[in-house]
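Q: One letter stands for each residue in the lines below.
Number of protein chains: 2
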Amino acid sequence: MKGILTGIGVGPGDPELVTLKAINVIKKTEVLFYPVTKIGSQSAALQIIEPWISAETRVIPLLSQMTSNPEERKAQRLLQSHQIAEVLETGKNAVMITLGDALLYSTYSYVMKTLQEMGYQVSTIPGISAPSAAAASLNLPLTEEDEGLLIWPGTESEEALIHQLERMTDNIALLKVSACREALYKWLKPRQDRICFSLASRLGSKEESLSQDIEILKDPSLPYMSVALLKVKKGKD
Amino acid sequence: MKGILTGIGVGPGDPELVTLKAINVIKKTEVLFYPVTKIGSQSAALQIIEPWISAETRVIPLLSQMTSNPEERKAQRLLQSHQIAEVLETGKNAVMITLGDALLYSTYSYVMKTLQEMGYQVSTIPGISAPSAAAASLNLPLTEEDEGLLIWPGTESEEALIHQLERMTDNIALLKVSACREALYKWLKPRQDRICFSLASRLGSKEESLSQDIEILKDPSLPYMSVALLKVKKGKD
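Heads up: the sequence lines are chains A and B, in that order.
Residue numbers are given in our numbering: position 38 of the first sequence equals residue 38, and the series is strictly consecutive.
Residue numbers are given in our numbering: position 19 of the second sequence equals residue 19, and the series is strictly consecutive.
With the rest of the complex left out, here is chain A (with noise of 0.2 Å):
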């Protein structure tokens, strides 16, 4: 019989933040699978759960270098696949362990749909948002009565994201900040009136900063891992 593959969302950084069910799985894995931007290179989703690997576990990096290029991205994700596949064929069950929500922006998401197509079962346990973290440390609501929330990525082109914040009328949570913070600047500086804006970088790290002072967008230094609370203002009731 084959192995199953389970993708576990592990939180936002805080290594309070992952659920017992995570852990659970964490602790029996006979094989984890994390990912690396090199190799080499430290995983801020394998430092999270360090504490909980079993000795007797093989864990194992998966490449996962950023790149703008479709098919160099298409290519890295179907090689990861094929590392998981080689264990899963083998009868083992793996683990592979993501930031954040297991479903939401992540690689494991390509990996999971890979090993579907090619036949392998898969499991998923979800992880505390980036968002949901956000709004936790700001104490700020996402959304109230019957608001909506838009989670945007700030990895889309200006026109895009400008075309989505032209027609909020809720909240609007935006991911990687530091990717279209000048564009959300521009935007957002005649409007303060209207908008209500907050800011969590690094969450739940040492280094967790808050703000709700647009002009920290002008800083170039921003780090990659902020996410933007925006909120329209309504009248008091």
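All the pointers check out, no bait thrown in.
In silico DSS-like pairs for lysine-lysine, Cα to Cα no more than 25 Å straight-line:
| # | chain 1 | residue 1 | chain 2 | residue 2 |
| --- | --- | --- | --- | --- |
| 1 | B | Lys-233 | A | Lys-74 |
| 2 | B | Lys-113 | A | Lys-233 |
| 3 | A | Lys-27 | B | Lys-27 |
| 4 | B | Lys-74 | A | Lys-233 |
| 5 | B | Lys-234 | A | Lys-74 |
| 6 | A | Lys-206 | A | Lys-218 |
| 7 | A | Lys-28 | B | Lys-206 |
In case anyone wonders, no lab produced these hints; they're calculated from the structure.
With chain A's structure known, arrange chain B on it following the hints.
A: Relative to the frame of chain A, chain B by itself:
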């Protein structure tokens, strides 16, 4: 010194989908508030964390009746806030638990804001949200590449729902689907070739059920706690 309120999201229903942070705080709290819809009725949120409550903890219900009347809702929330403030005044810390994520459509959001306005300190621990849990149970990505995700409450007007559906480009996670199942069905039926539909009900409980057949929306007994994931089909790359 006055006590602090910690709001805790205990996840969608599976007792294993609670975070370590939630458990560590719950174990030590002197006072724990939990939501009930009727005095004397069971609380799903309380059941999830029952194993972690110390014998010394005072466990207090907060009446949270369903009402569509905004004035009644406001009065109820004010009452809840005062109940909690009474404990904080004695210098004791307190915890308020809530299903799912702490700041996504939760009663805690309002109580938190009211207590802040009253001058109390609050702290929040995020939880696994219903969309993240639904995606994991279904093994379906919430977002891929540069897509966005709109989280939308099923309790809004049919008009507002259709407005959002009409302009959807990527993904929608629709909560409390039973409240809008007829309007959703009518809209989806002629668009089945263009929109992928998935539904998860009673997440994390023994009665959890999953479906990808839109005909399930015709069932008047569809559970209130159902999440629909809608995804615009895209061409293969």
